[in-house]
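Asks: Sequence:
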Amino acid sequence: MKKQYDSKESEKKWKNYWEKNKIYKFNPNSKKPIYSIDTPPPTVSGKMHIGHAFSYAQQDFVVRYRRMQGLNIFYPFGTDDNGLPTERLIEKEKNISAQKLGRKEFIKICLQTLEKELRPKYIQDWKSIAISCDWDIFYTTIDKHSQRISQKSFLDLYKQKREYRKRTPFMWCPECQTAIAQVELEDKEKDSQFIYIKFQTSLNKPITIATTRPELMPACVAIHVHPDDKRYKKFIGKKAKIPFFNREVEIYANKDVDPDFGSGAVYHCTFGDMDDAEWIEKLKIKPIEVMNKDGTFNAKAGKYENLNSKQARKEIIQDLQEKNLITKIEPIHHVVNTHERCGTEIEILMTDQWFIKYLDLKKEFLKQGSKLNWYPKYMKNRYDNWVKGLKYDWCISRQRFFGIPFPVWYCNNCNEILLADEKQLPVDPLIDKPKPCPKCKSKEFTPEKDVLDTWATSSLTPQITASLFPKLSKKLYPSTLRPQAHDIISFWLFNTVAKSYLHNKKNPFKDVVISGWALDPKGKKMSKSKGNIVEPQEMIQQYSADALRFWAASSKLGEDLSFQEKELVAAKKLVNKLWNASNFSFSHLEDYKTKPKKLETIDLWLLEKLNELVKECTEAFERYEYSKTKIETENFFWNTFCDYYLEIIKDRLYNPDKRGKQQKLSAQYTLHISLLTILKLLSPITPFITEEIYQHYYAKKEKCKSIHISEWPKFNKKTTKTEIGDKAIEIISKVRKIKTQNNLSLKTPINLTLDKKDEKLLKPILEDLKAVTNAEINFGKFNIEIV
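Read in our numbering, the sequence shown has 238 at position 238, and its numbers run on one by one without any break.
Treat the hints with care, since some could be wrong.
[Unchecked claim] Distance condition first, Cα-Cα at most 20 Å in a straight line; then the derived PhoX-like pairs of lysine-lysine:
hint, residue 1, residue 2
1, Lys609, Lys721
2, Lys505, Lys475
3, Lys25, Lys471
4, Lys144, Lys108
5, Lys8, Lys20
6, Lys47, Lys530
7, Lys31, Lys475
8, Lys770, Lys760
9, Lys166, Lys286
10, Lys475, Lys506
11, Lys721, Lys615
12, Lys241, Lys323
13, Lys525, Lys188
14, Lys449, Lys293
15, Lys127, Lys47
16, Lys166, Lys284
17, Lys721, Lys763
[Unchecked claim] Label pairs and their computed distance ranges (CB to CB):
hint, residue 1, residue 2, range
18, Lys22, Glu278, 56 to 64 Å
19, Leu101, His145, 20 to 28 Å
20, Lys159, Asn95, 42 to 50 Å
21, Asp136, Gln424, 24 to 32 Å
22, Pro438, Asp191, 50 to 58 Å
23, Asp643, Lys116, 48 to 56 Å
24, Leu359, Ser562, 32 to 40 Å
25, Glu93, Leu359, 33 to 41 Å
26, Pro438, Gly343, 44 to 52 Å
27, Lys615, His145, 38 to 46 Å
28, Lys718, Lys22, 33 to 41 Å
29, Lys439, Lys230, 53 to 61 Å
Derived from the structure by calculation, the hints contain no laboratory data.
By construction, the Cβ of each residue, glycine as well, lies at the ideal position given by its N, Cα and C atoms.
Turn these sequences into a full structure, and let the hints guide you.
Replies: Structure, rendered in structure tokens:
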């Protein structure tokens, strides 16, 4: 081995080796038990970020452990590259507009850019941190296979009468110009104003409403007050006149109104929020649609036409003040709904949308969640809270170009919904033709232009991957493991459970392992706007992929982890120490060939400590507690193995003539076993350095192509006493402390008097103690005398 470890050279070499030798290849013909992973398909967003490196490394720790247990690992990799995120990325990268280019040309550019530019670089990022997927089992959520599965799902749910199309007020992003689902909302706090506005009434007395959206006055359709509010009882059933718009609206009694909020009188516009939408439905009031899809006002807004909300708000407040119709302006701090993709405040618009009906199944979804094995268990609360808080059916249509098309046409003659035949899938209704209308036989039709929400497809990843191997689909689905971050429990996990239940009446996976977020050094969420982004590519270049993975292993299940560069420095030191300790060990194992007839006492102690470590690490991995494996193995390596054991056996290794060949052989055997075991325990976390060392010495001896397909260490359930070794460590520590306090070299000779009561216990290891402490040893009352 070289004197110094070169991480860059090693990483390049072993990535190529693993791929060339298909170390991580899934074997569909193997009789071994299958362990299948529902791998999260990352959204193609330019390059891997630190959160990706953090969470994907954690799932990879588990996969590598299971592989070494001899399981047949099904670990596919996919990319989520259809829908809004990809559209926005490519518009930005290519400086183009989807609307201006047109659907056909834009889709062509999207596919070409993904295939030739974005996806290859993106995948290399995942390979750089040694994600041990079978890269031959690769899919994208826009490929033909995924399109077929997604469209088949749509057809199936439509036949179940679980899907419907409706013109209804729903959440809309004016920036992205598409409908969005409840799961895509993000609450943001903002400073705003409560505007108190006087409305004249048919009682010839004004009623004052309070609103944060005065610009929606052109769309006011009613005023609501609580029936028990004494201030407004006389107004109920009367009319109120809308300033500037020469219209009157009715004043309704409504128990949903909070009398203590604002003025206690609510002005009902179409639409300020989803409450407005519900009241429209309840009271059968005809809405007034005043807003365009881009968030500007239309002609029904009068003089405010073509203004956006912010501009219209400013002007209408000014106009109201000129007429002395504002009685008070009150500053407030409140929460608004925004689109999590772009941060834009949402609007509620009347649009035609497709929905999956599932609110009636909330109890079933809660039952399905209870059947999953949650790691950590408390993360189930997030799932439960989301299901209980569902208010709307799932809106699955998006008004974009780059996505999976609905397999739907509409008959121009009778408005019948025409569905594609399953054998036709995948179809694009803008290109492909349906069969004649089954109702009226017409051949004139209009294709559905909307595309499916990307989550409607990514929620089918277990089915997408399992169906790649039809003969094994029952073994691959449900998946064994779903690893994912906690922030998409409501997105990906719930939707996957929902789709699986709707289609198959069973869960899509068995174990759910939840990771946290990677935060900045101050514990804050990273973002480009804050300038606190940590680039994993730079950390790999500076410290190595193993160091970055080692940092990721510091987090407990489900917990967020602040990025601390000093931890990568420490990880790099560990890698170098592992290299140096291996160099030392191999220099003394050149003539090692066979197991000794008898093992020395201190060697037996070390092997027992090692047995305990293997037991702890194995049990921890079974609970998905990779951080415990990392901590325990690191402590054992630095302290027990390097600081003490290697120092204790040096005399036997260097002086076989004095100590005897059998004592040297005992040390060699123990050294051989213990280093190999340490390497294997660390290999799921630090795959490059462990492979490098393993290949140098152990690969030929174990006749194995890679440490990552070698056998995981076994432990003996029967344990033996370790008192003698623990006592030796205690004595060595005391000697070292005294020498350090006196500024003496550790090689300085001493006279060491040990407690008389320990004489019998320590007799088998006296020679080792003498050598490591450089002491003349007697028994009596404990004392250390510098010679």
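Asks: Hint by hint, say whether it matches the structure.
Replies: Now for the hints, and whether the structure bears them out:
Proximity of Lys609 to Lys721 is assessed by CA-CA distance (about 10 Å); at most 20 Å being required, the pair is judged to hold. For the hint pairing Lys505 with Lys475, the CA-to-CA distance comes to about 17 Å; that is within 20 Å, so the pair holds. Using a Cα cut-off of 20 Å, the hinted pair Lys25 and Lys471 holds, with the two alpha carbons roughly 18 Å apart. Under the criterion of a C-alpha separation no larger than 20 Å, the hint pairing Lys144 with Lys108 is consistent with the structure, at around 15 Å.
Simply put, Lys8 and Lys20 have alpha-carbon atoms about 18 Å apart, close enough for the 20 Å limit, and the pair holds. Between Lys47 and Lys530 the CA atoms are separated by roughly 19 Å; this keeps the pair inside 20 Å, and the hint holds. This hinted pair checks out: Lys31 and Lys475 have alpha carbons roughly 12 Å apart, not beyond 20 Å. Note on Lys770 and Lys760: the hinted pairing holds, with a Cα-Cα distance of about 16 Å set against a maximum of 20 Å.
Annotation: proposed proximity of Lys166 to Lys286 holds, straight-line Cα distance about 16 Å (limit 20 Å). Of the supplied pair hints, the one linking Lys475 and Lys506 holds, its CA atoms being roughly 14 Å apart against a limit of 20 Å. A threshold of 20 Å between alpha carbons decides the hint, and for Lys721 with Lys615 the separation of about 16 Å falls inside it, so the pair holds. As the CA atoms of Lys241 and Lys323 are separated by approximately 14 Å, the hinted pair is consistent with the 20 Å bound.
A threshold of 20 Å between alpha carbons decides the hint, and for Lys525 with Lys188 the separation of about 14 Å falls inside it, so the pair holds. Note on Lys449 and Lys293: the hinted pairing holds, with a Cα-Cα distance of about 16 Å set against a maximum of 20 Å. About 12 Å separates the Cα atoms of Lys127 and Lys47, which keeps this hinted pair within 20 Å; it holds. Taking the CA atoms of Lys166 and Lys284, the gap is near 16 Å; set against the 20 Å cutoff, the hint holds.
With a C-alpha separation of about 16 Å, the suggested pairing of Lys721 with Lys763 holds against the 20 Å cut-off. The beta-carbon spacing between Lys22 and Glu278, approximately 57 Å, falls within the hinted interval of 56 to 64 Å. At roughly 27 Å, the beta-carbon separation of Leu101 and His145 lies within the given 20 to 28 Å, and the hint holds. The hinted window of 42 to 50 Å between Lys159 and Asn95 holds, with their beta carbons roughly 44 Å apart.
The beta-carbon spacing between Asp136 and Gln424, approximately 29 Å, falls within the hinted interval of 24 to 32 Å. Taking the beta carbon of each, Pro438 and Asp191 are about 57 Å apart, inside 50 to 58 Å as hinted. One distance hint, 48 to 56 Å for the beta-carbon pair Asp643 and Lys116, holds here, with the actual separation near 53 Å. The hinted window of 32 to 40 Å between Leu359 and Ser562 holds, with their beta carbons roughly 39 Å apart.
The beta-carbon spacing between Glu93 and Leu359, approximately 39 Å, falls within the hinted interval of 33 to 41 Å. One distance hint, 44 to 52 Å for the beta-carbon pair Pro438 and Gly343, holds here, with the actual separation near 45 Å. A beta carbon spacing of about 44 Å between Lys615 and His145 agrees with the range 38 to 46 Å that was offered as a hint. Between Lys718 and Lys22 the C-beta distance comes to about 39 Å, which sits within the given range of 33 to 41 Å.
Separation of Lys439 from Lys230 is about 57 Å and conforms to the stated range, judged on CB atoms against 53 to 61 Å.
Every hint, counting from the list given before, is met by this structure.
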